[in-house]
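Those sequence lines, one after another, are chains A and B. Sequential numbering from 16 applies to the first sequence in this note's numbering. Sequential numbering from 793 applies to the second sequence in this note's numbering.
Careful, some of the hints might be misleading.
Incomplete in silico selection of chain A near chain B, CB under 7 angstroms [unchecked claim]:
| # | residue |
| --- | --- |
| 1 | R220 |
| 2 | V221 |
| 3 | A232 |
| 4 | G236 |
| 5 | T313 |
What follows is a list of derived Cβ distance ranges for each label pair [as the list claims (entries may be wrong)]:
| # | chain 1 | residue 1 | chain 2 | residue 2 | range |
| --- | --- | --- | --- | --- | --- |
| 6 | A | N233 | B | T864 | 22 to 28 angstroms |
| 7 | A | I277 | B | D822 | 21 to 27 angstroms |
| 8 | B | E805 | A | M279 | 19 to 25 angstroms |
| 9 | B | S812 | A | N233 | 40 to 46 angstroms |
| 10 | B | A863 | A | E73 | 55 to 61 angstroms |
| 11 | A | K224 | B | E817 | 31 to 37 angstroms |
27 angstroms max Cα-Cα, derived DSS-like pairs, lysine-lysine [unchecked claim]:
| # | chain 1 | residue 1 | chain 2 | residue 2 |
| --- | --- | --- | --- | --- |
| 12 | B | K796 | B | K871 |
| 13 | A | K318 | A | K17 |
| 14 | A | K224 | A | K318 |
| 15 | A | K140 | A | K224 |
| 16 | B | K871 | A | K224 |
| 17 | A | K214 | B | K871 |
It is worth saying that the hints were derived from the structure and are not from the lab. Being a predicted model, the structure only gives us computed values, none of them experimental. Every residue, glycine too, gets a C-beta built ideally from N, C-alpha and C.
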Amino acid sequence: MKRVVITGAGTINALGRDVPATLEAMREGRCGIAELEFRDVERLAIRIGGQIKGYEPESHFNRQQMALYDRFTQFALLAAREAVAQSGLSFHGDLADCSGVVLGTSGGGLNTQDENYRSVYEEGKNRVHPFVVPKLMNNAAASHVSMEMNLRGPTFTVATACASSNHAMGLAFQMVRSGACSVMLTGGSESMLCFGGVKAWEGLRVMSKDACRPFSANRNGMVQGEGAGVYVFEEYEHARARGAEILAEVVGFAMTSDASDIVMPSKQGAARAITGALRDGRIGRDEVGYINAHGTGTAANDKTECAAVADALGGQADRVMISSTKAMHGHCIGGTGAVELLACIMALRDGVIAPTIGYEEPDAECALDVVPNEAREAEVDVVLSNAFAFGGLNAVLALRKV
Amino acid sequence: MNVKDRVIAIIAEQAVLEPSDVTMESTLDDLGIDSLGLVESIFAIEEEFDISVPFNANEPEQSDFDISSVATIVAGIEKLISEQTA
Chain A
16 MKRVVITGAG TINALGRDVP ATLEAMREGR CGIAELEFRD VERLAIRIGG QIKGYEPESH
76 FNRQQMALYD RFTQFALLAA REAVAQSGLS FHGDLADCSG VVLGTSGGGL NTQDENYRSV
136 YEEGKNRVHP FVVPKLMNNA AASHVSMEMN LRGPTFTVAT ACASSNHAMG LAFQMVRSGA
196 CSVMLTGGSE SMLCFGGVKA WEGLRVMSKD ACRPFSANRN GMVQGEGAGV YVFEEYEHAR
256 ARGAEILAEV VGFAMTSDAS DIVMPSKQGA ARAITGALRD GRIGRDEVGY INAHGTGTAA
316 NDKTECAAVA DALGGQADRV MISSTKAMHG HCIGGTGAVE LLACIMALRD GVIAPTIGYE
376 EPDAECALDV VPNEAREAEV DVVLSNAFAF GGLNAVLALR KV
Chain B
793 MNVKDRVIAI IAEQAVLEPS DVTMESTLDD LGIDSLGLVE SIFAIEEEFD ISVPFNANEP
853 EQSDFDISSV ATIVAGIEKL ISEQTA
């Protein structure tokens, strides 16, 4: 089996337009959640989110590209450009043929759907732009990344709701580890902050009207975000041979299904995924120093997640640091695990643990060290990233310092 | 039908019971209505009475809307109707 390392990272999200800006915001515990700005927002009961404000697609893409790129595709491309630039790779010949893209998304081109449904149903138009289908399809982002970077190996999209990115990165990890591919671009992208996207979530009555406060006793729901994270996963010897800077090693991955309820999380399913990732990476429980939590800020997720961590890590649960960065960038749904992996890399490389901001009151059912409100300096060797999706689908990644 | 009978009809449908099996003292738990069933019932109630019910599944006990029994739900809806159609 091959070793798999990360040699490039890219992002755009409510905290920053690139990785350095995002990490700085995470270190400072800044909140990127604010009033939403889009058409018909006044008809929503939920009006806050981690929206990327002041974003101007025309400063990154030409007119023909914008006609084809939904906002979620644009985010994926911007993150991929940053990641590939950092890696120093360019893809030609054999390397292009054995490198690919696996990206997560949940809603795909939801803005495109929203705009075009509005046009035909509300405005009564009988004609839509000819590129609606290639713009809204869930694989559009992965395909455009493969086209722009000349990645000609396996390329596809994974949709497992809020775990999409972690599933995508886990599959990319397995493909490089098995030797099937030399390099995979992986992560995820989401842009659901439009009238229809938020209205649908509102119906479930799990959204907060004021703030995301993971693990805090007074938490009252999740807050949506948007954005993308993309990484270069590269076979270790390949990276070493070219003298690439290695950000971290991906060492373990596991996925499980609760097989029980379509929305309520299960402690057992989550714990099995954590335990599975440790087993896959041959990691001792005592080695785990930090967990980037799924930590949505809902009543159900946070207590179930803490119980699962306690079950899976045993006594180490009392020592491990666990934080949810969703209170800063919002829940980026199918892109969230990819944005959150930045906090894992920061923990390993910089020795800085991103905080759980918005934490106000201890909850006896979330009695772990949640790194409340302020970032902390700490040396850690192994970190986990949790993602537990609607549908009962769980995916946990393990990273190690190189 | 009065408010009470209309609410009972909605709850009975959600619980797959006859309206006569739903009493004012019944709790949602008694009727086998889970969290998704509750959210669906509230949606049906909002549609039926053209009102907006302030309910957040994360903090049911802190909502103004008391869901501890059919009686409290009916009382809550009657209050909302008088407030929101006033």
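We went through each hint and held it up to the structure:
no., hint, verdict
1, R220, "5 angstroms, holds"
2, V221, "5 angstroms, holds"
3, A232, "10 angstroms, violated"
4, G236, "4 angstroms, holds"
5, T313, "5 angstroms, holds"
6, N233/A x T864/B: 22 to 28 angstroms, "23 angstroms, holds"
7, I277/A x D822/B: 21 to 27 angstroms, "23 angstroms, holds"
8, E805/B x M279/A: 19 to 25 angstroms, "22 angstroms, holds"
9, S812/B x N233/A: 40 to 46 angstroms, "41 angstroms, holds"
10, A863/B x E73/A: 55 to 61 angstroms, "59 angstroms, holds"
11, K224/A x E817/B: 31 to 37 angstroms, "32 angstroms, holds"
12, K796/B x K871/B, "12 angstroms, holds"
13, K318/A x K17/A, "37 angstroms, violated"
14, K224/A x K318/A, "20 angstroms, holds"
15, K140/A x K224/A, "34 angstroms, violated"
16, K871/B x K224/A, "23 angstroms, holds"
17, K214/A x K871/B, "25 angstroms, holds"
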